[in-house]
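Participant: Next come the chains, spelled out residue by residue.
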Amino acid sequence: MNLFKKPKSQTPFNEVQQIALAKADAKHFGPLYEKYFDTIFRFIFKRLGGNEAESGDLCQQTFIKAMANIDKYEDRGLNFVSWLYRIAQNEVNMFFRKQSKAYTVEIEERKFTGIIEEAGIVGYMTQDEQEKLMDLLNAMEQEHLDLIELRFFQELSFKEIADIYSITEANAKMRVYRILEKLQKKWNEQKK
Amino acid sequence: MERTKEMRRFTLNKEGKNIEPNPNQIKRFKDFSRIYSDYELLTKKRTRPLYKDPKLYLLFVIIGVLVLLLLFD
Chain A
1 MNLFKKPKSQ
11 TPFNEVQQIA
21 LAKADAKHFG
31 PLYEKYFDTI
41 FRFIFKRLGG
51 NEAESGDLCQ
61 QTFIKAMANI
71 DKYEDRGLNF
81 VSWLYRIAQN
91 EVNMFFRKQS
101 KAYTVEIEER
111 KFTGIIEEAG
121 IVGYMTQDEQ
131 EKLMDLLNAM
141 EQEHLDLIEL
151 RFFQELSFKE
161 IADIYSITEA
171 NAKMRVYRIL
181 EKLQKKWNEQ
191 KK
Chain B
1 MERTKEMRRF
11 TLNKEGKNIE
21 PNPNQIKRFK
31 DFSRIYSDYE
41 LLTKKRTRPL
51 YKDPKLYLLF
61 VIIGVLVLLL
71 LFD
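Sequence lines, in order, name chains A and B. Per this note's numbering, the first sequence starts with residue 1, numbered consecutively. Per this note's numbering, the second sequence starts with residue 1, numbered consecutively.
A few of these clues could be false.
What the hints assert, rightly or not - Below are the DSSO-like pairs computed for lysine-lysine, each with C-alpha atoms no more than 27 Å apart in a straight line: (1) B:14 x A:132; (2) B:27 x A:65; (3) A:111 x B:17; (4) B:17 x A:101; (5) A:27 x B:27; (6) B:14 x A:185; (7) A:132 x A:111; (8) B:14 x A:182; (9) A:23 x B:14; (10) B:14 x A:35; (11) A:65 x A:111; (12) A:111 x A:72; (13) B:17 x A:132; (14) B:44 x A:72; (15) A:23 x A:101; (16) A:111 x B:14; (17) A:182 x A:132; (18) A:65 x A:23; (19) A:27 x B:44; (20) A:98 x B:55; (21) B:30 x A:23; (22) A:27 x B:17; (23) B:30 x A:35; (24) A:65 x B:44; (25) A:101 x A:159; (26) A:185 x A:111; (27) B:14 x A:72; (28) B:27 x A:35; (29) B:30 x A:65; (30) A:186 x B:14; (31) A:191 x B:55; (32) A:72 x A:23; (33) A:101 x B:44.
What the hints assert, rightly or not - Examples of chain B residues lying across from chain A (beta carbon under 8 Å, computed): (34) 10; (35) 11; (36) 12; (37) 26; (38) 35; (39) 39; (40) 43.
Source of the hints: derived by calculation from the structure; they are not laboratory data. Cβ coordinates follow ideal geometry from the N, Cα and C atoms, glycine included.
Next up, chain A with everything else stripped away, as it sits in the complex (with noise of 0.2 Å):
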């Protein structure tokens, strides 16, 4: 046994005692803002193509809004950081409706190969036909893009889309595939 080792003195973090601590004085939310800040952080940079300020404003509202809204919180099967993406979704999308244009998201290359694999669009695309996918996609509905964003742009599992829109993870599953082979068609239209 070695002597001259420090005992561990840090308690595991406990969520749920934490979030009742939290409902109980808003003073205590700091532990759950320390563990999910980045996390969050991260999914409103992504969305918003890496405007850092606007992230970090977006971000702080969302933890306002979180702690404005604890005692709403409920632990019936949704996590609590599905909660904080939920803010964080609406929070954004409000942004974006404020603005008197669209907002210009830009996308890594990566991310959209993903789409295009799993729409089963095969062969080589050469940059005009990507783009002209990319403006078949742009076309969709608003609510359709939430859904592909979070999947393919977030990286978001099916398990974690279902817990923001309050659906079954097959229904999440359903409904992204269900958008993929809407753009396979338009795709195939498009090339005939």
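Chain A is already provided as a structure; the job is to place chain B on it using the hints.
Facilitator: Same frame as chain A, now just chain B:
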């Protein structure tokens, strides 16, 4: 179905730029004390009693006198 207003447009990032925040960017915005004080400002109710705020007290007295004058006029 009516098509919803276009909120954002995706463009392909051709330069291969990584759209992930770096640790410094995260650190810059991570400050619980700041959001806690903002939260307090937004939610905290007025704790100072009315009689301890002379300006507000005087304002209510003036409003009261004006109302009485108008009623008995």
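Participant: Hint by hint, say whether it matches the structure.
Facilitator: Outcome of the hint check:
1. About 15 Å separates the Cα atoms of residue 14 (chain B) and residue 132 (chain A), which keeps this hinted pair within 27 Å; it holds.
2. As the CA atoms of residue 27 (chain B) and residue 65 (chain A) are separated by approximately 21 Å, the hinted pair is consistent with the 27 Å bound.
3. Of the supplied pair hints, the one linking residue 111 (chain A) and residue 17 (chain B) holds, its CA atoms being roughly 12 Å apart against a limit of 27 Å.
4. For the suggested pair residue 17 (chain B) and residue 101 (chain A), the alpha carbons sit about 24 Å apart, so the restraint of at most 27 Å is met.
5. Proposed proximity of residue 27 (chain A) and residue 27 (chain B) is supported: the alpha carbons are some 20 Å apart, at most 27 Å.
6. Taking the CA atoms of residue 14 (chain B) and residue 185 (chain A), the gap is near 26 Å; set against the 27 Å cutoff, the hint holds.
7. About 16 Å separates the Cα atoms of residue 132 (chain A) and residue 111 (chain A), which keeps this hinted pair within 27 Å; it holds.
8. Annotation: proposed proximity of residue 14 (chain B) to residue 182 (chain A) holds, straight-line Cα distance about 26 Å (limit 27 Å).
9. Note on residue 23 (chain A) and residue 14 (chain B): the hinted pairing is violated, with a Cα-Cα distance of about 46 Å set against a maximum of 27 Å.
10. Annotation: proposed proximity of residue 14 (chain B) to residue 35 (chain A) is violated, straight-line Cα distance about 33 Å (limit 27 Å).
11. Restraint check for residue 65 (chain A) and residue 111 (chain A): not satisfied, since their Cα atoms lie roughly 31 Å apart, outside the 27 Å limit.
12. Of the pairs offered as hints, the one joining residue 111 (chain A) and residue 72 (chain A) is violated, with about 35 Å between alpha carbons and a cut-off of 27 Å exceeded.
13. For the proposed pair residue 17 (chain B) and residue 132 (chain A), the alpha carbon gap of about 21 Å is at most 27 Å, so the pair holds.
14. A C-alpha spacing of about 19 Å is found between residue 44 (chain B) and residue 72 (chain A), which places the hinted pair at or below 27 Å, so the restraint holds.
15. As the CA atoms of residue 23 (chain A) and residue 101 (chain A) are separated by approximately 39 Å, the hinted pair breaks the 27 Å bound.
16. Between residue 111 (chain A) and residue 14 (chain B) the alpha-carbon distance is near 12 Å, which keeps this suggested pair within the 27 Å criterion.
17. For the hint linking residue 182 (chain A) to residue 132 (chain A), the alpha-carbon distance of about 15 Å falls within 27 Å, and the restraint holds.
18. Taken as a hint, the residue 65 (chain A) and residue 23 (chain A) pair is honoured in the structure, with Cα atoms around 13 Å apart against an allowance of 27 Å.
19. Between residue 27 (chain A) and residue 44 (chain B) the CA atoms are separated by roughly 13 Å; this keeps the pair inside 27 Å, and the hint holds.
20. Under the criterion of a C-alpha separation no larger than 27 Å, the hint pairing residue 98 (chain A) with residue 55 (chain B) is inconsistent with the structure, at around 39 Å.
21. With a C-alpha separation of about 21 Å, the suggested pair residue 30 (chain B) and residue 23 (chain A) falls inside the 27 Å cut-off, and the hint holds.
22. For the hint linking residue 27 (chain A) to residue 17 (chain B), the alpha-carbon distance of about 38 Å lies beyond 27 Å, and the restraint is violated.
23. The suggested pairing of residue 30 (chain B) with residue 35 (chain A) holds, with an alpha-carbon distance near 11 Å, which does not exceed 27 Å.
24. Distance hint between residue 65 (chain A) and residue 44 (chain B) is fulfilled; the C-alpha atoms sit about 14 Å from each other, no more than 27 Å.
25. Proximity of residue 101 (chain A) to residue 159 (chain A) is assessed by CA-CA distance (about 33 Å); at most 27 Å being required, the pair is judged violated.
26. Proposed proximity of residue 185 (chain A) and residue 111 (chain A) is supported: the alpha carbons are some 20 Å apart, at most 27 Å.
27. A distance of roughly 43 Å separates the Cα atoms of residue 14 (chain B) and residue 72 (chain A); the hinted pair therefore is violated under the 27 Å criterion.
28. The straight-line distance between the Cα atoms of residue 27 (chain B) and residue 35 (chain A) is roughly 13 Å, inside the 27 Å bound, and the hint therefore holds.
29. With a C-alpha separation of about 16 Å, the suggested pairing of residue 30 (chain B) with residue 65 (chain A) holds against the 27 Å cut-off.
30. Of the pairs offered as hints, the one joining residue 186 (chain A) and residue 14 (chain B) holds, with about 24 Å between alpha carbons and a cut-off of 27 Å not exceeded.
31. Pair hint residue 191 (chain A) plus residue 55 (chain B) does not hold up; C-alpha atoms about 74 Å apart against a cutoff of 27 Å.
32. With a C-alpha separation of about 9 Å, the suggested pair residue 72 (chain A) and residue 23 (chain A) falls inside the 27 Å cut-off, and the hint holds.
33. Between residue 101 (chain A) and residue 44 (chain B), the direct Cα distance comes to roughly 36 Å. Violation of the 27 Å bound is thereby established for this hinted pair.
34. Below 8 Å, beta-carbon pairs count as interface contacts, and residue 10 (chain B) has one with chain A at about 5 Å; its hint therefore holds.
35. The criterion of a C-beta within 8 Å of any C-beta in chain A is met by residue 11 (chain B), whose closest approach is roughly 6 Å, and the hint holds.
36. Hint status for residue 12 (chain B): holds, given a least beta-carbon distance of 6 Å to chain A, under 8 Å.
37. Nearest Cβ of chain A to the Cβ of residue 26 (chain B): about 5 Å, under the 8 Å cut. The hint holds.
38. For residue 35 (chain B), the interface hint holds, the least distance from its beta-carbon to any beta-carbon of chain A being 5 Å, beneath 8 Å.
39. The interface hint given for residue 39 (chain B) holds, since its Cβ lies 5 Å from the closest Cβ of chain A, which is under the 8 Å cut-off.
40. Because the smallest distance between the Cβ of residue 43 (chain B) and any Cβ of chain A comes to about 6 Å, under 8 Å, the interface hint for this residue holds.
In summary, the structure is inconsistent with hints 9, 10, 11, 12, 15, 20, 22, 25, 27, 31 and 33 from the numbered list given earlier, while agreeing with the others.
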